[in-house]
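Q: Sequence:
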Amino acid sequence: MLNPSDFIKESIEDIKNRIGDKKAIIALSGGVDSSVSSVLASKAIGDNLVAVFVDHGLVREGETEYVEKTFNDKINLISVDASKEFLDKLEGVSDPEEKRKIIGEVFINVFERIAEEVGAEYLVQGTIAPDWIESQGQIKSHHNLALPHGLVLDIVEPIRELYKDEVRIVGSELGLPDEIVNRQPFPGPGLAVRIVGIITPEKIEICRKANAIVEEEVKKEGIQDNLWQYFAVLTNTKVT
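With this note's numbering, the residue at position 228 of the sequence shown is 311, and numbering never jumps.
Because the hints were derived from the structure by calculation, they are not lab data. None of the values given here were measured: they were computed from a predicted structure. Any given hint might turn out to be false.
No more than 27 Å apart at the CA atoms, straight line, and that leaves these computed lysine-lysine pairs for BS3-like [what the hints assert, rightly or not]:
no., residue 1, residue 2
1, 172, 292
2, 172, 184
3, 92, 106
4, 167, 184
5, 92, 157
6, 286, 303
7, 292, 303
8, 167, 152
9, 106, 126
Turn these sequences into a full structure, and let the hints guide you.
A: In structure tokens, the structure reads:
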């Protein structure tokens with residue numbers, strides 16, 4: 084049985100011992116895993132952690148403002164609007180896997196630039212147990228990541244032994260808002276994989292507003308806790 088208080092104390096101590104007085108960086112998406120990892124690392128090394136929220140132009144309605152409002156007084160947060168860079172690369176692309184690949188590559192390039200700018204030597208990740216169990220099996224807890232342009236970061240994964248329900252318990256113990264703690268998953272490529280076919284600014288805006296309406300109606304009915312995921316998809320067909 085997880086004791087969240089003990090876990091938090093041990094995790095903070097471990098991060099302090101691992102990183103020391105060096106700089107670390109984390110990609111903060113606003114999801115529960117990256118949020119818990121960010122707060123734990125911030126408690127351990129303070130402003131030597133740089134949390135980066137990257138707006139790729141495909142986020143939910145009001146997402147950037149929400150993340151900034153939630154975390155600005157908790158952690159050292161940088162918010163980056165890279166939407167033009169992402170959307171330029173996605174122009175004319177319709178295949179969903181190609182969209183994912185492009186978004187992943189651009190994200191890494193943006194993230195690497197910021198990591199170099201802040202002088203980061205460590206990368207904190209919100210990896211949880213199912214991530215490595217389902218994908219790569221038993222990998223080392225202490226490993227590193229070589230980024231495309233040569234930057235090598237040592238990886239720190241403070242919640243890698245936890246399952247999602249345990250991460251939520253730790254998040255509550257850390258004082259994170261219920262909306263963050265109980266947030267449903269949102270794909271890394273964002274609305275790009277919820278828009279069928281070529282992406283345009285108009286389609287993004289339609290999908291974003293439709294998604295906000297779905298979330299609002301679900302919450303009005305009070306059924307959000309009973310649904311694992313709920314969202315809108317913009318198809319490539321017309322109906323009457």
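Q: Each hint should be assessed against the structure and marked as holding or not.
A: Hints versus structure:
| no. | hint | result |
| --- | --- | --- |
| 1 | 172 to 292 | holds (23 Å) |
| 2 | 172 to 184 | holds (11 Å) |
| 3 | 92 to 106 | holds (21 Å) |
| 4 | 167 to 184 | holds (17 Å) |
| 5 | 92 to 157 | holds (17 Å) |
| 6 | 286 to 303 | holds (26 Å) |
| 7 | 292 to 303 | holds (16 Å) |
| 8 | 167 to 152 | holds (23 Å) |
| 9 | 106 to 126 | holds (14 Å) |
When each numbered hint is compared with the structure, no violation occurs for any of them.
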